[in-house]
Each structure stands twice: as C-alpha cells, then as structure tokens.
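Residue numbers (the numbering used here), protein chains in the order written: chain V, 1 to 309; chain R, 1 to 309; chain G, 1 to 309; chain L, 1 to 309.
No lab work stands behind these hints: they were computed from the structure. These figures come from a predicted structure and were not determined experimentally. Warning: the hint list may mix true and false statements.
A pair holds if it fits inside one copy or across any two, identical chains being indistinguishable in the list.
Each computed SDA-like pair below joins lysine to any residue, with the alpha-carbon atoms no more than 20 Å apart [unchecked claim]:
| hint | residue 1 | residue 2 |
| --- | --- | --- |
| 1 | K110 | L168 |
| 2 | K110 | T165 |
| 3 | K160 | V25 |
| 4 | K303 | P228 |
| 5 | K110 | K287 |
| 6 | K110 | D286 |
| 7 | K110 | E305 |
| 8 | K160 | D185 |
| 9 | K303 | E8 |
There are 4 protein chains.
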Amino acid sequence: MPCQSNEELESILLEAKQYTREGKVADYIPALSKANPDDLSVAIYHPDGTCYSAGCIQEKITLQSISKVITLALALMESGEEYVFSKVGYEPTGDPFNSIVKLEMSNPSKPLNPMINAGALAVTHMIKGNSVEERFRKIIDFVKRLSGNEEISYSAEVAKSEFETSHLNRALCFFMKQHGIINEDVEELLDLYTKQCSIEVNCLDLARIGIVFALNGKEPITNKQLMPAHVARICKTFMVTCGMYNASGEFAVRVGIPAKSGVAGGILGAVPNRFGIGISGPALDDKGNSVAGLKLLEILASKYELSMF
Amino acid sequence: MPCQSNEELESILLEAKQYTREGKVADYIPALSKANPDDLSVAIYHPDGTCYSAGCIQEKITLQSISKVITLALALMESGEEYVFSKVGYEPTGDPFNSIVKLEMSNPSKPLNPMINAGALAVTHMIKGNSVEERFRKIIDFVKRLSGNEEISYSAEVAKSEFETSHLNRALCFFMKQHGIINEDVEELLDLYTKQCSIEVNCLDLARIGIVFALNGKEPITNKQLMPAHVARICKTFMVTCGMYNASGEFAVRVGIPAKSGVAGGILGAVPNRFGIGISGPALDDKGNSVAGLKLLEILASKYELSMF
Amino acid sequence: MPCQSNEELESILLEAKQYTREGKVADYIPALSKANPDDLSVAIYHPDGTCYSAGCIQEKITLQSISKVITLALALMESGEEYVFSKVGYEPTGDPFNSIVKLEMSNPSKPLNPMINAGALAVTHMIKGNSVEERFRKIIDFVKRLSGNEEISYSAEVAKSEFETSHLNRALCFFMKQHGIINEDVEELLDLYTKQCSIEVNCLDLARIGIVFALNGKEPITNKQLMPAHVARICKTFMVTCGMYNASGEFAVRVGIPAKSGVAGGILGAVPNRFGIGISGPALDDKGNSVAGLKLLEILASKYELSMF
Amino acid sequence: MPCQSNEELESILLEAKQYTREGKVADYIPALSKANPDDLSVAIYHPDGTCYSAGCIQEKITLQSISKVITLALALMESGEEYVFSKVGYEPTGDPFNSIVKLEMSNPSKPLNPMINAGALAVTHMIKGNSVEERFRKIIDFVKRLSGNEEISYSAEVAKSEFETSHLNRALCFFMKQHGIINEDVEELLDLYTKQCSIEVNCLDLARIGIVFALNGKEPITNKQLMPAHVARICKTFMVTCGMYNASGEFAVRVGIPAKSGVAGGILGAVPNRFGIGISGPALDDKGNSVAGLKLLEILASKYELSMF
C-alpha cells in the first residue's frame, strides 16, 4: 500500500512545494486573491478508511470548478443520462475553460462538455428545486454526504465576490438562453452557481470525496452507495478527458488518473479502486491548475504507478 | 474469461451487424469506396494467446488513422517524449479530424495532438531514414512485429488513390512547413504517409496489435518487450482522449477503453491488462467511425465491464 | 435629375415588388412578425426639397439597425472620434451581425465596427445622460431634427418585445462588460437600445434623413448643419463598408452607395451630394436585408448611375 | 487643381517621410528585406496628362498585392462577373491577409474576396493561356498598357525568393483544390502568381495605372478604353472595402479613396474622376501597409478633400 507513512508523504510534499513559487493565486475573483500562494497540502484516503496527509491540512479552499463534477453526478442521478446529454455534449475541447467560440460554432449550440463553464452552468440549471435555497441545500448536502463531513459550509464572501464579477458567465448564460439550453432567470442561476463554487473544503474532504468516485460510488466506511456506479464512471471519464482545463491531455499522459481542479487551487483525484486524493495549493499555472499540486501528483503517479493507461 | 466461445461472440456480432446499414463506406478516397458496407468481423486476443473471433475475419482493410498510434509509438521510441511533444501537443479537440482552424489559432502553430491529421503528419515526418522506402520499411516492419504476422503488406492501389486526392493533407503540410513544424519535401512525406495508411490488416492482426498495447508493450507469446511500457501508456492515453475522432468523449463514456479507429472501418482496441480487440466494419457513421464496430464495442463493454473508469 | 415623375418611380417599384415573395418577414422578434411581407415603398429626396415617392408611403416601420448610424453620429458629436474609436473598431467583418466569435478573438476584445450589434451597443452606451429617458430623448430628438418630422415616436410594443427576447444582445453586453468596453447596468443599456431600435419612421422620413448625410450634415430646407461634415462622412463610410450586414461587399459592387438596412425592412440611402433615399419593405433575404428594397436600389443604381465607385 | 507644384508635394513628402522610421521592411520574403526603409516617393497623375512627383521616383518596387487588382480586372474582362464571383466572394473580412480560418468556415469554402491571398490565387487561376509563360505575358502586357510603360519587367530574383518560401500560399491552394475552387497544378499556379507579384514599377507607373481606374478604364492620353467601365468600378469597390488588408476600414474613414497596397511598400490610389496616385515606401506598419505612404495619403486627403464619402 502506497504512502504508508506520513513521513513519506511529507517528503513528497516538500519536493513539490518548491514549485509553488512558479505559480500565482487567481486574481480575477477578488476574494480568491487573498489566498497564501505558499500553501500546499495533500491527503490520501484508502478504501479501508486509512488516511494519510501532509501540509496545512486544515486550510480551507473553495471548490470552484471541482463542484462541476459533483453537480454533474447529481444531475445524472436526478434526470438521467439521456436528458443530461441532450443539453451538454461529451467532447473535450482544446479551448480555455471560459471560451465562447465553440459555443457559437457547435450545432445546435450546446456546450461541448460539462466541465467547461457553459456546460457546468447548463448542468447546474438542471438541479431541481423550488428556490435557489432549496437547490443549493441539495448540492451542499450531497457534498456533506460524499465527504462524510457535516460541518461543510460555503463562503458567502467568495460567492458574493464571484457573483458580482462573473460577467463572462452571464454572457454564456444569455447565449444559452437564446438557444434554449437554459430557461431560468440568469441571475438566479448565477446565484446558485457561485454558491456551489464557494463551498469550502480542505484536502481531507477532497480525498474523502475522491475515494467515493474511486470506489464507483460506494462510501468506504458505511459501504453505502452514494451514487450509482455508472454515474461515478461517467464523472471519472470527464475528469480524465476534460478535468484539468486545456491541460487535460497533458495531465492524462503525465499522471493518468481521473482528477478535477479548481481555480482556488484544489484538486480532487480518484484512482480507480485504489484511493482518493485531495490537494490544496492556491498558486496556479497559466492554465488555472495548482502548479505544485500537479507536480505532487506527477511524483505520486511515477512513484506508485497510478496511471490507468 | 469473457468470450469463451466463438458462439457467444457470433451472437454479439449478429446483434451489432444490423447497424451496418446505418452507416456508409468512406467515399472521399476512391479506392476505399469499393468496400462492402455489410462486412463486420471481430477478434479478441487474450494474454495467454487464446483468440476468439467472428465474422469475415480474413477480410483485409487498410489501417488508415489506426496507423497514427503505431507511428506515434515508433517516433517516441526513436526520438523520445521531449522531442515529439515539442512538435505536437497533448490536447484533445472538439474539431473534426481534418480541421485546419485550430492549427492556425493555436500557438506556436503546433498541431493540438498526434491523432488529428496535422499531428499525425508531423509524427510521420519524425520517422528517420534515408529514403521514403527505408522509413516505410521501418513502419511496416514494426506493424509485422506487433501483429506477429510476417505476411503484412500494403495496398499500392489505396496508397496511390489517397496520394492523388489528399490535397487537404498537402494544405496541412505546407501550413506546418511555413511554421517550421516540418521541413521535408511535402510530396515525399505524403508518399510515406499514404503508404503507412494503406497497410493492410484483418481483425486478427488488429487484435494482436491491441494486446501488445494492453500488456504495456509486451508480446504475449514471446514475452518480448516490443515497445517500452511508458510508450504504450502514452499511446493508450491518446487512444482514450482522441482515438475516435470528435466522438472520442462520447466513446469514453459509453465504452471506456483505449481504441483507435480508421476510415476504412477498422478499430484497434486495448483493454489494459486484459485483451486486445480488432474490428473491421467499413460502414461509417458521420464522424468517420465504424458504426457497427462501435455498437459491437458497446455491447462487449457493457457485457464484460470493460470500462477503465 | 432622376425620378422626375412619380410614374417613373412607380414603375420601378412595380418591377422590384415582385421580389417581395422571395423574402420573409423577420420573426425572431415577435412584434416584427406581424408586418405585411408584400409592402414596399420608396421615397427620394432632393437637395432642393423636391421629393418623389411610390408605394404605401405612410406605412411605418421601426428603425432597427438603421438607428446604429444615427447613434454613431450622435456619439461622434458628443465624445469625438478618438474616444469613440478607442471603444469600437473600424474594420468590416464577413461574419453575421450577431456573431460573438470575433469579439472574443480580437484584441483587446473591442467590437470590430459600430454596425455589428456589439459595436452598436458600445456606441449607445456612450450616449450621455442621467437616465435612460434623458438619453433616449436625446436620440429621438436627433431623429426628429434629421427627418424634420416632429411627430416621430417609438413603438413601445416592439421595444418591449425586443427587450424580452434579446438574450444574444445581453450576452454581447456582458462579454463587453467583462472586458471593460461598457460599464453600465446591462438591463438599462438594453432598455435604451431596444427603444432606439423601435423608433418608427416611414420611407419619407428615411429619405429626409438620407439627404442630410448626402449633403454632409446640412439640412436641405433650412441649410442648418445638423452634424459636422466629418461626422456625416464617417457615417457614410461605415454605411459602405458594413451597412448591409454580411452582404455589404456585394451591395457595394452591385449598387455602390452608402446605405444602412434594418430587420424591419427599412433602408436608408445617401447618394453623396445628390439625394437621400428611403425604402420600406419588410420581406427580408437570408442576410436580413429587404429583398425587394435591394432590387429596387439595384434598378435605380443602374438606371441613374448612382455608384460612387 | 491640387498639387500644382512639385514644391508643394515635396513639402508634404517631407512631412510624411519622418514616419518611415516607425515601420520596417517586409522580411518574410528574403528578397524584399533588402529594400531601403527610408525611401519614399509619390506621383500624382491628372486626367490632362500632367504629373507631379516627389522623392526617389525612379526607385522600383515589386507590385506584390497591388497585382491583385490588376488580375481581377483581367479575369473580369476574360470570364465575366458571374463566373468570377462564382469562385470568390464579395465580402470584406477583419482577418489578416493570409488567414485560412475563414476559408474553412465559409460555405462552400470559397474565398471571401479577391483581395485576400486565397481569393487572389483563385483569380490568377482564372487567367487563361496554354502555359505559365503565355498567361504571365498576358498579365505583364496588361500592366504595360495600363502604365503606358513598355519597359516594365519583373524581378526574377524576387519571384524565385517568393516561390521558394510561400508555403502558406501553397496551403491555401491545396485547400482550394480540395474544395474544387482551383484545379490546376499548384506549383504552376504559384509560379505564375509569384511572377505577377514580382512585376517591378515605380511610383510614376503606379500613378498612371491609378488614373486609368479613376477614369473608369480610360487611358488619359490616348482616350482608349483599357477596360470596361464596370470592371474599373468593381475593382475600385474592392480597393475601398478590402484594399488595405485588415486596416481597410480605418483607411476608408481616414482617407476615403480606392487604394491598394502591397508588402513591397507600394500603394496604388485612384481618386474617382480626379487623379491617380502612386506611392513607394518600403517601411511597413504591422498590418503590412507602407507606414509613411499612409501618412502621406492622409495629408493629401485632408488638404485636398479627397474622400469620396
């Protein structure tokens, strides 16, 4: 079993940590720019409940794009594959996460996949409920179940900061509204979406969520099936093909595990049938991925032969 | 062990075969348009050397785009990862295989990945040798070793037909020549490339090649390492992220195995550590993939839980 | 002097009118779809005040995109060339009027020209005032002065219908807001923009506005300079290079006069130093131009050698 | 009459000449990089045969893109409007002159207009003849007639240099060959095209050619109609909408005359019914236009009110 001691993980973390200075903290969302670029922490969660970790593990970050995998799972559970994929596509794209070009050119204007912003907004739009509050409660409750952590909450400050500045997401929403992909009030959808992005977790939470995907939906402690196996499988597929923005292809070659990153510096990893990985490291590379987090995963992948390929 | 009898495979083939009529044979290369759209055959090769098959298994098809995986392996072996990926990228794209748009927009004009035509041409350009003949011999000899079939040859007729009509590939080559991605004579490169595409195989050959990738480069009979494990792994990664043209994302969700298709109707599949799959079925869907071949893989995937995810 | 008799104009109108059946009325704005596709009317206004006309000349249509020229003139008068062109570009584009692709790709994300929707929205954004009402009064007052018609008003019904359905324009606005091209409340800007588009005129009004541009800003009756000559010249330049959506180039070859069309079927024409032309014909071709109106201008252009080139 | 003395023109030239240092000589064609960036000369040719000039007027430059207008005229005379515009479009584009993006996206893949490289290649393809030599003789003879200069020849050195390096043009040609826009041997077409681009003229020749367009095809001295009036008109239209690469819109606003530039630094101007202008100034701005030449035209335009608009 890999990472049998915290010491081993500590030493890998130390090696990766020197790369934090090559990245910088996201600044396009004002509230994110306050993060400490030097932070780095990692947790690895095994099917038997053992968990190893290193670094400032109590440091919380917001989920940001990592939440896209979670709402995708929820939407698939609520509305089924056929409906979900009538609104968003399956195909990866070499474009940046906020690109609007493909949205226009593809036909019938449906977002190429659920991991780009347009696709994620279309997925969040599917989450059912009578109000933003009810729908958000559904999402955060699901995160609580996945992480086994009842204390999970969201940062109202980050949500507000994002809500006020996400004009590009508004543009994507109105484009999709024009083309019939979404039909709710855009401000309500963005309210819900920015809240979902602002759910706070630490690397332990992320590792716990990761193990559920790794075990095809099964909670390792209680053995409860938190999502159907095929839903977990679909999510892991998108994590491989489009989980790391437009560096997904390179990540698949270099690391080769299902993973999803967020611009707050988090990475959720799921090594099929082996373990869940949670990383928090706010310094980002130019594609929007945690620069030291990627390095850490590369070291782990080569040391413990994690690649699925 | 799946497919323990030819009868079982026969019945799956029969079920898939009815979908042949939903596709049509490639007609943009004159020599390909003569194929029989009703043909369908499959072979599955196991690590212990057992092989099961069904359909018109002796029917030969040309490799076409399947050859892209093979030259990628060869180039990686000859020139190393660093060099190869200084000339072609890692990222999947939602565009059709012959798109020129991304080529222009990406920076520094390097093809997005080695599975689109531009990228594959750049890879073939890397194959070393003093003449087209010498370089082609190197490629076809590698195919012979991978398939364990010394009889493998190529169709001079198909090669000629493609050579004469591949103006779009010439456009891609000159675009790359302008941008310093390739620097040889374009007609020579196309001569080599169209020959590589015209190598003839049947589904048994494809299954034999598939098992080598599945076993990380190891020949199952002789136990010889035909390519380094990391080369096989890289190739399988691209087969997952971009192996089925711009239906790769959907294929990953529905089937979930490394696979590469060609417009002659072939599919090369490699189920990691389990088996190699070869399919031949010339009737294509609108993305350029064997329509009944895809169906057959979907049935196999669901029946024997092939998905890696 | 051309068109010396109404009879001559009537006969030209009759010839053009048979083309109405080749087009269809705009239906993407519900309120526009009620127009009569068979309507066609034309007026020609001379520098000496003589006016000839034919057809259902009292029939009112809304300005729609024709208003883009008028707000451009107003913005140039209020804020000057340098400021205006720091926010919108000069270059024509082969894309459809509502395209968002170029917006993203151009750098620094400024709309390519003031005649595409994005550019026109950026121009309307420049119109100064303390409220939408005040700014709109400024625009409609300018239309009244240009047309010499104090009775000009706007259709609250069309404005409301457009406001409720213009999600694409909202998308463009938020995209520009993200990139700092506009900074006001998007709903307010759209309120103003849809009102400006809904100003109602007939072909006589359009011909009167046209003569002012033709005479470099001078009102033919009062001899008052309603806009500086260089402003009129700039507007006429854009009418030539981008006045007829993505059929502007063909129109320049076939007709060769400054003209601006709108999706309600209006065309404003200005033959430099000769006369103003107003046309109303709601049946549109697939580019969004009045199909019979274009035909009518082609006949006039060939009969009276109108081309500037 | 403007520019009644060489002294006046000299002083305008002097004012413009200081801008030469803001540009740089084209270096993507090796043979062009030898030009002197400080050179600037201008000639103005009047309908009565008077000609004024200033600067190093005997300095020869190659036509480059200016030749596109001349072959367009020739093709229109040989094959007629209908045929020519079945192969190339009318619409300006905001893209750079060598862009391949629009070529792919437009339908049915026909070049957007005859002034971008793809369109100009398609036009040259139309020039009839039994050999490159015969077709080239036709083109150069036409240039001789237009300029009234029997001494005109071409630079074999520049032609060879361009032929050897124009891989991007080869890419465009093969793309068009694939789509049926051209069907001749690409190397032959490029041989002809690079020769046409390498025809050498000085600013006097350009001014003489310009007056022919300005007078709707009539030679001012002999009064011979060198091309039909409608052909001259069509050419002038494209000079306005797409004559100055992707700065055409700005040039139309700032100067407002039909003009065509080339990357050797030449500008051909035609002020309708007034005069022809020839400019030679090899230092280019970032769009590929003579930087001091543009300045010179701006001064002339404002001083003598040249704008057509």
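Status of E305 relative to K110 across identical chains (alpha carbons, at most 20 Å)
The answer is neither: 37 Å in one copy and 30 Å across copies each exceed 20 Å.
Using 20 Å as the alpha carbon limit, work out where K303 and E8 are close: within a copy, between copies, both or neither.
So K303 and E8 pass the 20 Å test inside one copy only (11 Å; across, 41 Å).
Indicate which option fits the pair K303, P228 if close means a Cα-Cα distance not exceeding 20 Å: within, between, both or neither.
Close across copies (17 Å), not inside one copy (31 Å); limit 20 Å.
Cα distance capped at 20 Å. Does K110 pair with D286 within a copy, between copies, both, or neither?
Cα proximity of K110 and D286: across copies only (18 Å, versus 27 Å in one copy).
Within, between, both or neither, where K160 and V25 count as close if Cα-Cα is 20 Å or less:
Answer is within; shortest intra-copy Cα gap is 19 Å, inter-copy 44 Å.
Copy assignment of K160 with D185, given that the CA separation must stay at most 20 Å:
both (17 Å within a copy, 17 Å between copies)
How would you label the pair K110, K287 (within, between, both, or neither) given a Cα cut-off of 20 Å?
between (23 Å within a copy, 17 Å between copies)
Within a copy, between copies, both or neither: where do K110 and T165 come within 20 Å Cα-Cα?
between (24 Å within a copy, 19 Å between copies)
As a check of your reading, is K110 near L168 (CA-CA no more than 20 Å) within one copy, between copies, both or neither?
both (17 Å within a copy, 15 Å between copies)
The structure does not agree with numbered hint 7 stated previously, though it agrees with all others.
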